[in-house]
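Spelled out, the chains give:
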Amino acid sequence: EAGVAQSPRYKIIEKRQSVAFWCNPISGHATLYWYQQILGQGPKLLIQFQNNGVVDDSQLPKDRFSAERLKGVDSTLKIQPAKLEDSAVYLCASSRTGTDNEQFFGPGTRLTVL
Amino acid sequence: AQSVAQPEDQVNVAEGNPLTVKCTYSVSGNPYLFWYVQYPNRGLQFLLKYITGDNLVKGSYGFEAEFNKSQTSFHLKKPSALVSDSALYFCAVRDPGFQKLVFGTGTRLLVSP
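For the record, the sequence lines run as chains A and B.
The first sequence runs contiguously to residue 114 in the numbering used here.
The second sequence runs contiguously to residue 1113 in the numbering used here.
Since the hints were made in silico from the structure, they are not lab data.
Here a beta-carbon is modelled for each residue, glycine too, at the ideal position from N, C-alpha and C.
Worth double-checking, as some hints may not be accurate.
Residues of chain B clear of chain A, computed beta-carbon distances all greater than 10 Å [as the list claims (entries may be wrong)]:
#: 1; residue: Asn1017
#: 2; residue: Asn1041
#: 3; residue: Gln1045
#: 4; residue: Asp1054
#: 5; residue: Gly1062
#: 6; residue: Phe1067
#: 7; residue: Thr1072
#: 8; residue: Ser1073
#: 9; residue: His1075
#: 10; residue: Ser1080
#: 11; residue: Ala1092
#: 12; residue: Gln1099
#: 13; residue: Thr1105
Label-pair ranges, simulated between beta-carbon atoms [said to hold, decoys possible]:
#: 14; chain 1: B; residue 1: Thr1072; chain 2: A; residue 2: Gln17; range: 15 to 21 Å
#: 15; chain 1: A; residue 1: Asp100; chain 2: B; residue 2: Pro1113; range: 46 to 52 Å
#: 16; chain 1: B; residue 1: Glu1015; chain 2: A; residue 2: Gln80; range: 33 to 39 Å
#: 17; chain 1: B; residue 1: Lys1077; chain 2: A; residue 2: Thr99; range: 22 to 28 Å
#: 18; chain 1: A; residue 1: Ser27; chain 2: B; residue 2: Ala1001; range: 18 to 24 Å
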């Protein structure tokens, strides 16, 4: 089966600009996750969707970050305006419904904010 | 809230020797535990998980992990390391009562020829 797709793979922007990331999960996976991975750290969950509903967005900086999954399949994560500390790899993952299921990760988008 | 600790930033082992990457956790209930591996410029790949049952779990690429409830540990092991095992390894824990999967800070494994 095809894996989780993400684009772009790399993005360089200046601070205060906006940026958007796209994710297409594995077919049939109802749960979709966005993680932020800062260099030298483990992934941190930003937001979790179940179909097109938000399950957990407690660690999403809502003043600048937004995410949507309108049709319960693809998802976009947006940052507006970006700050220097947003430089990180943004990982998308998907899984079948159920907390005992493993997550499958995409290759990530490496964001550099100058 | 659940948490996971990986006490070693880096583990060095010679090819052919056994390896252990340590992980301890803290949850309020019975944990769901996972190991993932990350190669350079790639996303995380699932290795194995413990949900319930046998404390020794076998996973991909010859890796295994032992769940120890009394020590709240879930150490990753492999009997004979390969140079190609060199990567970043993440332990993760989920409290079944919560949706969030919490990752450790990662341990870099270096296998020398």
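Hints and how they fare:
With a cut of 10 Å on Cβ distances, B:Asn1017 stays outside the contact zone with chain A, its closest approach being about 26 Å. Non-interface call for B:Asn1041 relative to chain A: violated, since the shortest CB-CB distance, roughly 8 Å, does not exceed 10 Å. Remark: the non-interface label on B:Gln1045 conflicts with the geometry, its nearest Cβ contact in chain A lying 7 Å away (cut-off 10 Å). Every beta carbon of chain A lies more than 10 Å from that of B:Asp1054, the smallest distance being close to 15 Å; the non-interface claim holds.
For B:Gly1062, the non-interface assignment is confirmed: its Cβ lies about 18 Å from the closest Cβ of chain A, beyond the 10 Å cut-off. The claim that B:Phe1067 is not at the interface with chain A holds, since no C-beta of that chain comes within 10 Å of its own (minimum 14 Å). Listed as a non-interface residue, B:Thr1072 keeps its Cβ farther than 10 Å from every Cβ of chain A; the least gap is roughly 18 Å. Non-interface status of B:Ser1073 relative to chain A is upheld: no Cβ of that chain comes within 10 Å, the nearest being about 17 Å off.
At the 10 Å boundary, the C-beta of B:His1075 stays outside the reach of chain A, the nearest C-beta of that chain being 17 Å off. For B:Ser1080, the requirement that its beta carbon stay farther than 10 Å from each beta carbon of chain A is met, with the minimum near 25 Å. The Cβ of B:Ala1092 does not lie farther than 10 Å from every Cβ of chain A; its closest approach is about 8 Å, which violates its non-interface assignment. Non-interface call for B:Gln1099 relative to chain A: violated, since the shortest CB-CB distance, roughly 5 Å, does not exceed 10 Å.
In this structure B:Thr1105 is not separated from chain A by more than 10 Å, as the shortest Cβ-Cβ distance comes to only about 5 Å. Checked against the hint of 15 to 21 Å, the C-beta distance between B:Thr1072 and A:Gln17 comes to roughly 44 Å, which is inconsistent with it. Taking 46 to 52 Å as the suggested C-beta distance range, the pair A:Asp100 and B:Pro1113 does not conform, at roughly 38 Å. In this structure the supplied range 33 to 39 Å is violated for B:Glu1015 paired with A:Gln80, their Cβ-Cβ distance being about 48 Å.
Between B:Lys1077 and A:Thr99 the C-beta distance comes to about 25 Å, which sits within the given range of 22 to 28 Å. Range check, A:Ser27 to B:Ala1001: Cβ separation about 33 Å, and the 18 to 24 Å hint is violated.
When held up to the earlier numbered hints, the structure conflicts with 2, 3, 11, 12, 13, 14, 15, 16, 18 and fits the remainder.
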